[in-house]
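**Student:** Please build the complex by placing chain B on the supplied structure of chain A, with the hints as guidance.
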Amino acid sequence: MKLTLWGTRGSLPSPRPGTARYGGNTSCVQLDLADGSVVVLDAGTGIHRLPDFGRRTTRIDVLLSHLHMDHILGLGFFGALFQPDVEVHIWGPPSTTLDLHGRLTRYLSPPLFPVRLRDLPCKLVLHDAPRGTFDLPGASVTADLVCHPGPTLGYRIAADEATLAYLPDHEPALGAESFPKHPEWTSGFDLMAGVDLLIHDAQYSEAEYGDHVGWGHSSICHAMTLAETAGVSRLVAFHHDPTHNDSLLDRLFTEAAARRDWPFELIPAQEGSRLTLGRQPVGR
Amino acid sequence: MGPPEGGNLAQKPIELILLKDLVSQLGFPVTMVDADGTVVFFNEPAERLYGRSYDDTGELPMADLGALNAPLDENGEPLPVDQLPIMVALRERRPRQGRLVIHDAGGKAHRINTTSIPLDGQGGTLLGAMAIFWETDRT
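Residue numbers (the working numbering), protein chains in the order written: chain A, 1 to 284; chain B, 1001 to 1139.
Just chain A, with the same shape it has in the complex:
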């Protein structure tokens, strides 16, 4: 599969000259699978950078981790929603009181947005993501609730003989007397264990985390420790704090990488960058 990071920023779109390299758009990752299937992870403002899909693409699956604004803000600008011949399947966490349709309608309706869900031209199918494993075209997906305020899913995706985990907003260190905790008592561990590539929240510096306990995010150090514990091969440090400019992020990641000899490859997420995993799409 081929991954493209269209949005790497957390919390708030942050486009400005000082963030041009890591990017200012919020969470969105495109997966192009070897069989031609397309999966999109989250619908932050990065989703508007997705290219137009040709006529060969008749179905797109969008996996929402949760419904905080930075993860759905771009949804109304997702071009595929306006293509009558495309099936768009959106998967996300329900709450205990409202299904995904009811929750998304709160945003995609006036006065917050001019177009209602029901008026979108595409063939739209909304799914309350089951807690467990389900199949998409070309991929097997496992979803589970993870530690973040409000119902929030992490995903493990197996496709093209490779595994990927996506936990963009995640605070596994919350309440822990020491970190890392035992795997059995670590939020999201089963999703991450042994994957080829982990995309994980790395919003704060260590110093900043102390002032943001309970906000639902990890420090860079937490993400790296977790990646080590879970035995991943590559870590994409994701969901950068909106106040962090390129030079600060360079410094934070350089310091974190130099702390010791980490047993995985650290990849600080940069908007527009591409990664490959397992078998590759043909002719795309």
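No lab work stands behind these hints, which were simulated from the structure alone.
Here are the computed lysine to aspartate or glutamate pairs in the DMTMM-like style, where the Cα-Cα straight-line distance is at most 25 Å:
(1) Lys181(A) with Glu1044(B)
(2) Lys181(A) with Asp1056(B)
(3) Lys2(A) with Glu87(A)
(4) Lys181(A) with Glu1047(B)
(5) Lys181(A) with Glu1059(B)
Chain B side only, calculated, beta carbon under 10 Å to chain A, not exhaustive:
(6) Phe1041
(7) Gly1121
(8) Gln1122
(9) Gly1123
(10) Thr1125
From chain A, some residues computed to sit far from chain B (all C-beta separations above 10 Å):
(11) Pro17
(12) Ala20
(13) Arg21
(14) Arg59
(15) Gly76
(16) Asp85
(17) Val86
(18) Glu87
(19) His89
(20) His101
(21) Arg116
(22) Asp196
(23) Thr243
(24) Ala257
(25) Gln270
None of these values were measured; they are calculated from a predicted model. The C-beta atom is built at its ideal place from N, Cα and C for all residues, glycine as well.
**Tutor:** For chain B alone, kept in the frame of chain A given last:
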């Protein structure tokens, strides 16, 4: 360190993970069981009440903890493990209150009140149950 291989290391449901983190910070005794009735955690105040540490016992069936604590009902009769309020809450999926006597590791009896609640997750999944205790007096 890499991921665990084999063994009995499946990650707990997030609700139990968050509850354990909370319970470990509380100042009154709490015991948690999973959906199978296995004791998966008790906090430091519960350790003081039981006279034994969770680090020493680890996970254990409630029947085993019951054998250690030798619970008695209000009339001083031995209380079967399936009649413990936490097990009734788990089985019947509703809160349960009770008064009982338990014995710590030194054999000292403690008269306690307990409230037990089932832990229902999203979608109606039964995740386990938790019991809080408070001592009414010492016998």
